[in-house]
Amino acid sequence: MSDNVAAGGPDINLPAHRHPHPGLHSHFETMEQQREAGTLGIWVFLATEILFFGGLFACYVEMRAIHYQGFQVGSHLLERNFGAAMTFILLASSFTMAMAVHSARTGSRRLLVVFLVLTIVLGAAFLGIKFTEYGQKWHEHLVPGFNFQPTSEQLKGAPAGNVEMFLCFYFFMTGLHALHMIIGIGILTVMTILGLKGRINADRYSYIEVSGLYWHFVDIIWIYLFPLLYLVGGR
Amino acid sequence: MEEPIVSVRTYVIVFVSLLVLAALTTYIASFDLGIWNTAVAMAIATAKMALVGLFFMHLWFKPGLTRVAVVCGFFWLGLLIALILVDVFTRNSIPRAIGTPL
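Chain order of the listed sequences is A and B. Residue numbers for the first sequence follow the numbering used here, beginning at 1 and rising by one. Residue numbers for the second sequence follow the numbering used here, beginning at 236 and rising by one.
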């Protein structure tokens, strides 16, 4: 065995087509294996994220089963049109994100950057509506703990404590989701810079693929939050 | 095996389906279906999640190992929620011994 191989460098005796790709790290056999390991890693992380949010979802399910009336009334206090608008915006951002990954794979740097910027703008629009809604809740005196003075008209006979608990879930779940959105926008900003520098291309698109998986995951959380918070109250 | 490049057409079809489902669930929520409100809303949300997961997140084209990681996450969440509901819905149907503290 030559010193070159022992040092992890390419074996000069290999035929030309067996020479490793410049982007291949020494502990992987092929680029394909390296990429699969990367996506498996992010999926395992997302599985832990499912359980991270899952604790709140499970708590919500239990409390709603016990305090059904309070949760129905609480759901009516949320503005359904805001929720629907945010859903459409986030679905659109998932589409532009998928298109950004697609552009990276087909090697179009310009489209990659355009779609990434669109995704960031849509994400920011989502957060804008979200914080507007938080502000509105403050003015309606519907912020649990800090500013909670519902009128009897708002309560419709439900115990105030139960409605307050629903709003607690609303703020915690959407707040944690908004935090993930802010982190996601940070990641996509870095991706945009890498894209502008030409560091993402058809051979090296793992970064963008992995960021895309995170963004889609955050979208999936909202897909469940929207009906659970805004819709299940019925009319 | 190199993962196939998904066509733009597929992405557009999935996106339009997602928008239709989102509009549908919002519209259905304006009717009072009693307990079915939650069931219908969750069914539509799961359909949307499946579309995002299979096509935007490329699970349709992934090897079994990756799918196992995803299924594991949902399996444990399912256990958590199922056993919590078993507790909540049977708590009052177990007769308490007279004289024991609650």
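Keep in mind that the hints were calculated from the coordinates and are not lab data. A quick note: this is a predicted structure, and the numbers were derived from the prediction, not measured. A virtual CB, placed ideally from N, CA and C, is assigned to each residue, including glycine. Don't take every hint at face value.
What the hints assert, rightly or not - The calculated lysine to any residue pairs, modelled on SDA-like cross-linking and capped at a C-alpha distance of 25 Å, are:
| hint | chain 1 | residue 1 | chain 2 | residue 2 |
| --- | --- | --- | --- | --- |
| 1 | B | Lys297 | A | Glu209 |
| 2 | A | Lys156 | A | His139 |
| 3 | A | Lys130 | B | Lys297 |
| 4 | B | Lys297 | A | Arg35 |
| 5 | A | Lys156 | B | Lys297 |
| 6 | A | Lys156 | B | Trp271 |
| 7 | B | Lys297 | A | Ile50 |
| 8 | A | Lys156 | B | Asp267 |
Said to hold, decoys possible - Now the in silico label distances, taken between C-beta atoms and shown as ranges:
| hint | chain 1 | residue 1 | chain 2 | residue 2 | range |
| --- | --- | --- | --- | --- | --- |
| 9 | B | Ile240 | A | Thr132 | 35 to 43 Å |
| 10 | A | Pro159 | B | Val255 | 16 to 24 Å |
| 11 | B | Ile248 | A | Gly175 | 31 to 39 Å |
| 12 | B | Gly269 | A | Phe148 | 37 to 45 Å |
| 13 | A | Leu196 | B | Asp267 | 48 to 56 Å |
| 14 | B | Val255 | A | Phe146 | 48 to 56 Å |
| 15 | B | Leu268 | A | Glu79 | 18 to 26 Å |
| 16 | B | Leu268 | A | Ile193 | 42 to 50 Å |
Open item on the list: Does the beta carbon distance between B:Leu268 and A:Glu79 stay inside 18 to 26 Å, or does it fall outside?
Closed with: Given a distance of about 21 Å, which is inside 18 to 26 Å, the answer is holds.
Open item on the list: Given the hinted pair A:Lys156 and B:Trp271, is their Cα-Cα distance within 25 Å?
Closed with: holds, 22 Å
Task: Restraint check for A:Lys156 with B:Lys297, where alpha carbons must lie at most 25 Å apart - done: The given pair, whose Cα atoms are some 50 Å apart, is violated under the 25 Å limit.
Open item on the list: What's the verdict on B:Lys297 and A:Ile50, does the C-alpha distance respect the 25 Å limit or exceed it?
Closed with: holds, 19 Å
- [ ] Decide if the proposed pair is consistent with the structure: A:Lys130 and B:Lys297, CA atoms, cutoff 25 Å inclusive.
- [x] violated, 34 Å
Open item on the list: Does the beta carbon distance between B:Val255 and A:Phe146 stay inside 48 to 56 Å, or does it fall outside?
Closed with: violated, 39 Å
Open item on the list: Need the status of pair A:Lys156, A:His139: alpha-carbon distance at most 25 Å?
Closed with: holds, 19 Å
TODO: Kindly confirm whether 37 to 45 Å is satisfied by the beta carbon distance between B:Gly269 and A:Phe148.
DONE: The hinted range 37 to 45 Å is violated for B:Gly269 and A:Phe148, with Cβ atoms some 29 Å apart.
TODO: Take a quick look at whether B:Lys297 and A:Arg35 sit within 25 Å of each other, Cα to Cα.
DONE: Measuring from Cα to Cα gives roughly 11 Å; hence the hint holds.
Open item on the list: For B:Lys297 and A:Glu209, compute the direct alpha-carbon distance and say whether it is at most 25 Å.
Closed with: It holds: about 13 Å lies between the C-alpha atoms, which stays within 25 Å.
Task: Satisfaction of the hinted span 16 to 24 Å by the C-beta atoms belonging to A:Pro159 and B:Val255 - done: Taking Cβ atoms as reference, A:Pro159 and B:Val255 lie about 38 Å apart, which means the hint is violated.
Open item on the list: Run the distance test for A:Lys156 versus B:Asp267: straight-line Cα separation, threshold 25 Å.
Closed with: holds, 17 Å
Of the numbered hints given earlier, the model fails hints 3, 5, 10, 12 and 14; all others are met.
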